[in-house]
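> Let chain Z serve as the given structure and place chain F on it in line with the hints.
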Amino acid sequence: MAVSDMTKLTLGPIAYHWSAEARRDFYARIADEAPVDEVYLGEVICSKRAPFHEVDLPATIDRLERGGKTVILSTLAEVMLNRERKATADLAAMERPEIEINNAAGLYARGKRPHRIGPFLNAYNEATIAWMACQGATHVCLPTELPGPAIAAAAAAARDLGLGVEVQVFGRVSLAVSARCYHARAHARTKDNCQFICEHDADGMPLRTTDDRPILRVNGIQTQSESYVDLLPETARLVADGVSHVRLMPQAVDMVAVASAFRSVLDGSREPAEAEAALREACGGVSFSNGFYHGQAGYRRITAAAAS
Amino acid sequence: MSLAELICPAGTPAALRTAVDAGADAVYCGFQDATNARNFPGLNFTPDELASSVAYAHEQGTKVLLALNTYPPAGKFDLWRQAADTGARLGVDAFIVADMGVADYIARIHPGIRLHLSVQAAASSPEAIRYYCENFGVKRVVLPRILTIPEIRQIRKEIPCEIETFIFGNHGLMIEGRCSLTNYLTGQSTNMDGVCSPASDVEYKRHEDGSMSSQLAGFTIDCFRSDEKAGYPTICKGRYRTAHRDDAYYAFEEPISLNLSRLLPELIDAGVHAFKIEGRQRSKSYVRGVVSAFRQAVDDIRAGRQANIADLVALTEGQKQTQGAFETKKWR
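Quick note, the sequences are listed as chains Z and F, same order.
In case it helps, this note's numbering puts the first sequence at residues 1 to 308.
In case it helps, this note's numbering puts the second sequence at residues 309 to 640.
This is chain Z alone, in the form it adopts within the complex (with noise of 0.2 Å):
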């Protein structure tokens, strides 16, 4: 049976620095075969890596379009120097294609405009969602550390404004971000100086602990988790709660593949354990959590029997 037909299934923006020349091999796959409805492009982490990219967005954007993709771009997490600040000004008076905002000054340059509220801006409750749509709000991504029955009440709230209601369901979760770039420092190198070393680790840099278990993951100024969540096992119940869009972040891994999973769980095509069983062969030997949706240690995995 159907999870929904209305469900939309979105990419998130590419948090690493991939070269240009991948990117646009990667956007050419999803535009043709991925089966998301919306995606996100823009650099959010780190203002050095956006020259290497900028150039290709318009063409980007154009293929996702022909695509039938909708296209959002996303601003900057952090905002301190002077062109982050030019940045993000610049992507708030852009009048098309949608954009998501992440910081503070981004919401502060669009001014009532209709924007999408990124994961980045912490809209964790219903009087700060409320908040949000009455300055122009029409979406908003919630916290990835939401604990199912907050995400249930901020989505019903949501829903009542009329906002679409975002929830990331599948990648590295963001656990911080920094001014400080731990690529850098990991190879005894300053952010001004850091030429670009993080371009060599497509899925993070892998911390383990000093007794070998892995842990986080880095990527330049942002430290993610190690493991992927997946909340496909809970799409099921995100929908039943009113989340609008679920949202894939881009891994290194077959994102066609993993896209195809979860659309197969919204229509129904797929019995859930046959899609999982398919999303774990994409993903290889990475291990999969969904602690933070159980109220958990977000590292952790829980199993439906457990959890119910």
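Hints listed in this document are in silico derivations from the structure and should not be mistaken for laboratory results.
What you are looking at is a predicted structure, and each value in this text was computed from that prediction instead of being measured.
Just so it is clear, CB atoms sit at the ideal spot from N, CA and C, and this is done for glycine as well.
Check before you lean on any hint, since a few could be wrong.
Unchecked claim - Computed list of chain F residues with no C-beta within reach of chain Z, every gap over 10 Å:
#1 T320
#2 P321
#3 S360
#4 P452
#5 N491
#6 S508
#7 E511
#8 Y512
#9 A556
#10 P573
#11 R603
#12 I609
#13 N616
#14 K638
Unchecked claim - Covered by chain Z, according to a simulated footprint, are these stretches of chain F (three or more residues, beta-carbon under 8 Å):
#15 326-340
#16 408-414
#17 495-505
#18 520-532
What the hints assert, rightly or not - Computed footprint of chain F on chain Z; a stretch qualifies when at least three of its residues, placed anywhere within it, have a C-beta under 8 Å from a C-beta of chain F:
#19 48-60
#20 65-74
For chain F alone, coordinates are given in the frame of chain Z:
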């Protein structure tokens, strides 16, 4: 010259009196629940304790700032609303807030009480700060600990509110209000529960070779040789391994304290209105020592005298200290 107010931590009623007696211009504190970012066992105030503490502080001319600086998860907003109402009834001088919903509520319901923007809101540009000033009437921003002094000077020129900066204590280096590291390992959230590397999840394990591991929720955050002093397992101050390095290294930051005492004159000159001393979890004697020393130094600087900075530097003697991002952008 700015007023250079000294904003001091008050984790308990006793620490509050100590800070007031030692010369704090203002103290900051919170209730015993998730509404503030230091929701640690044994810390913070009941409403009755806050009432008597506000009375004590006001008698000495010291202001009381109430931290309501966490992010209420949907379904639990009432706890924050009640905390704001209680704080207003007890006569606090300002609320320190991060969440837009909380800010909007206080701005509408308690418009006579000052709003300060918590470091947890991570407003690090003039535009972000103006957003909160223009929409909620924020009177002061607590700046993230990521800016250099020239950048602070520039921001000061572009915003309509006062600036408060941290000068001493714990050196947080993740952008506050955007960190879920603790929740990832422990299931308790910094943003929603006010918890960071909670003591209840800490364990120290001695190994056969004499080394000692510090663990958080079963994850080894650091490992110390028998001749090293074992530190507290804060995730962003731990040592980790990565493929291209032979040894475990401090991937984010060393266990180090922030001490900006040498930069005090420059910060005052840059237009910083208030200096914040971190440490609501610290002892009375710590609060007395640090607040008295900074009181003397700030008074000296304001009177045009040479401040005895060496005394302040000595406060962190035996520990590593840093001027963090404030001195040079190479820190980044």
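> Indicate, hint by hint, whether the structure satisfies it.
How the hints compare with the structure:
1. T320: Nearest chain Z Cβ is 28 Å from T320 (chain F), so the label holds.
2. P321: holds, 30 Å
3. S360: About 31 Å separates S360 (chain F) from the closest Cβ of chain Z, which puts it past 10 Å; holds.
4. P452: violated, 7 Å
5. N491: Incorrect as stated: the minimum Cβ-Cβ distance to chain Z is 5 Å, not above 10 Å.
6. S508: Holds: least Cβ distance 13 Å, greater than 10 Å.
7. E511: holds, 13 Å
8. Y512: holds, 14 Å
9. A556: Incorrect as stated: the minimum Cβ-Cβ distance to chain Z is 5 Å, not above 10 Å.
10. P573: Holds, because the least Cβ-Cβ distance between P573 (chain F) and chain Z comes to about 24 Å, which exceeds 10 Å.
11. R603: Correct as stated: the minimum Cβ-Cβ distance to chain Z is 30 Å, above 10 Å.
12. I609: holds, 27 Å
13. N616: holds, 31 Å
14. K638: violated, 5 Å
15. 326-340: violated (count 0)
16. 408-414: Holds, because 5 residues of the region 408-414 of chain F bring their Cβ atoms closer than 8 Å to Cβ atoms of chain Z.
17. 495-505: holds (count 4)
18. 520-532: That given contact holds, which follows from 7 residues of the region 520-532 of chain F lying within Cβ reach (below 8 Å) of chain Z.
19. 48-60: violated (count 0)
20. 65-74: violated (count 0)
The structure fails to meet hints 4, 5, 9, 14, 15, 19 and 20 from the earlier list, while all remaining hints are met.
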